[in-house]
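Student: Kindly generate the complete structure, drawing on both the sequences and the hints.
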Amino acid sequence: MDAARPHPELESTLASAWFSLAGEHCAFRSLDGMPELDPEAACFQLPVLSADGREAGRVLLALSDEDAQQLGVSMFGMPLDELGQEELDDANAELCNIFGSCLVKALDDSHQLEMGLPRRARIEAFEALSRRRMPALTLAATLGPRHIVVAYFASARDVDIASPAPPSTKDPRHG
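For the sequence shown, counting from 1, position 38 maps to 71 in the working numbering; every step adds exactly one.
I should point out that these hints are in silico values taken from the structure, not numbers from a laboratory. Even glycine gets a Cβ: it sits at the ideal position worked out from N, Cα and C. One thing to keep in mind: the hints can contain errors.
[Stated by the list, open to error] Label pairs and their computed distance ranges (CB to CB):
id, residue 1, residue 2, range
1, Asp-85, Arg-155, 20 to 30 Å
2, Ala-139, Met-111, 13 to 23 Å
3, Gln-145, Gly-117, 12 to 22 Å
4, Ala-60, Ser-134, 12 to 22 Å
5, Arg-166, Pro-112, 36 to 46 Å
6, Met-111, Ser-134, 40 to 50 Å
7, Pro-41, Asp-141, 11 to 21 Å
8, Glu-88, Lys-138, 29 to 39 Å
9, Ser-63, Asp-142, 15 to 25 Å
10, Ser-188, Pro-112, 40 to 50 Å
Tutor: Right, dumping it as structure tokens:
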């Protein structure tokens with residue numbers, strides 16, 4: 034995958050956000066298109082809405098289970114064996130929201146776009162969308178063999194990538 038026109042400020046912002054949330058250093062770089070994704074990746078999506086409430090695009094986030102777990106452990110300050118799937122999904126949805134906000138700010142000079150709510154997505158639909166449509170912006174970080182990928186697709190509302198939420202395993206003691 035070739036590198037796209039760099040976005041140094043955005044790349045730095047995403048790296049700083051990842052470090053503050055997950056406690057790990059990484060370097061993001063702009064890509065031309067989508068890299069191949071791990072079939073086991075945790076995927077999340079965030080609709081981006083225009084001023085009239087219509088979906089103008091979609092932010093997609095994919096990260097390895099190992100990175101998703103590192104994020105949850107760091108954000109909640111708890112050992113992995115004490116975190117349930119709901120906490121892990123909450124941490125990853127928050128990362129999608131933060132990264133999505135960064136991408137939207139980089140693309141929307143007029144500040145007319147708003148973000149919807151992040152939710153889990155199916156990897157198969159994520160890949161299908163990337164085969165059908167080139168993202169307007171893609172950034173990725175490589176942590177050894179693992180990747181964190183965030184992309185913005187304009188007008189992606191015609192593809193349903195939602196995934197049913199897993200059954201709640203949240204321990205009531207945790208909130």
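Student: Evaluate the given range 40 to 50 Å for the C-beta pair formed by Met-111 and Ser-134.
Tutor: Because 25 Å falls outside the window, the suggested range is violated.
Student: For the pair Ala-139 and Met-111, does the Cβ-Cβ distance stay inside 13 to 23 Å?
Tutor: At 33 Å between Cβs, range violated.
Student: 40 to 50 Å was suggested as the range; check whether the CB atoms of Ser-188 and Pro-112 agree with it.
Tutor: Since the Cβ atoms of Ser-188 and Pro-112 sit about 42 Å apart, the hinted range of 40 to 50 Å holds.
Student: When you take the CB atoms of Asp-85 and Arg-155, is the distance between them in 20 to 30 Å?
Tutor: About 28 Å separates the Cβ atoms of Asp-85 and Arg-155, which means 20 to 30 Å holds.
Student: Falls inside 11 to 21 Å, the C-beta gap from Pro-41 to Asp-141?
Tutor: Holds: the Cβ-Cβ distance is about 19 Å, inside 11 to 21 Å.
Student: Just to be sure I understand the hint, the distance between the Cβ atoms of Ser-63 and Asp-142 should be within 15 to 25 Å; is that true here?
Tutor: holds, 18 Å
Student: Take the C-beta atom of Gln-145 and the C-beta atom of Gly-117, compute their distance, and say whether it sits inside 12 to 22 Å.
Tutor: With a Cβ separation near 38 Å, Gln-145 and Gly-117 fall outside 12 to 22 Å, so the hint is violated.
Student: Could you tell me whether the CB distance from Glu-88 to Lys-138 stays inside 29 to 39 Å?
Tutor: violated, 18 Å
Student: Just to be sure I understand the hint, the distance between the Cβ atoms of Ala-60 and Ser-134 should be within 12 to 22 Å; is that true here?
Tutor: Taking Cβ atoms as reference, Ala-60 and Ser-134 lie about 20 Å apart, which means the hint holds.
Student: Determine whether the Cβ-Cβ distance between Arg-166 and Pro-112 falls within the hinted range of 36 to 46 Å.
Tutor: Cβ of Arg-166 to Cβ of Pro-112: about 40 Å, so the range 36 to 46 Å holds.
Of the numbered hints given earlier, the model fails hints 2, 3, 6, 8; all others are met.
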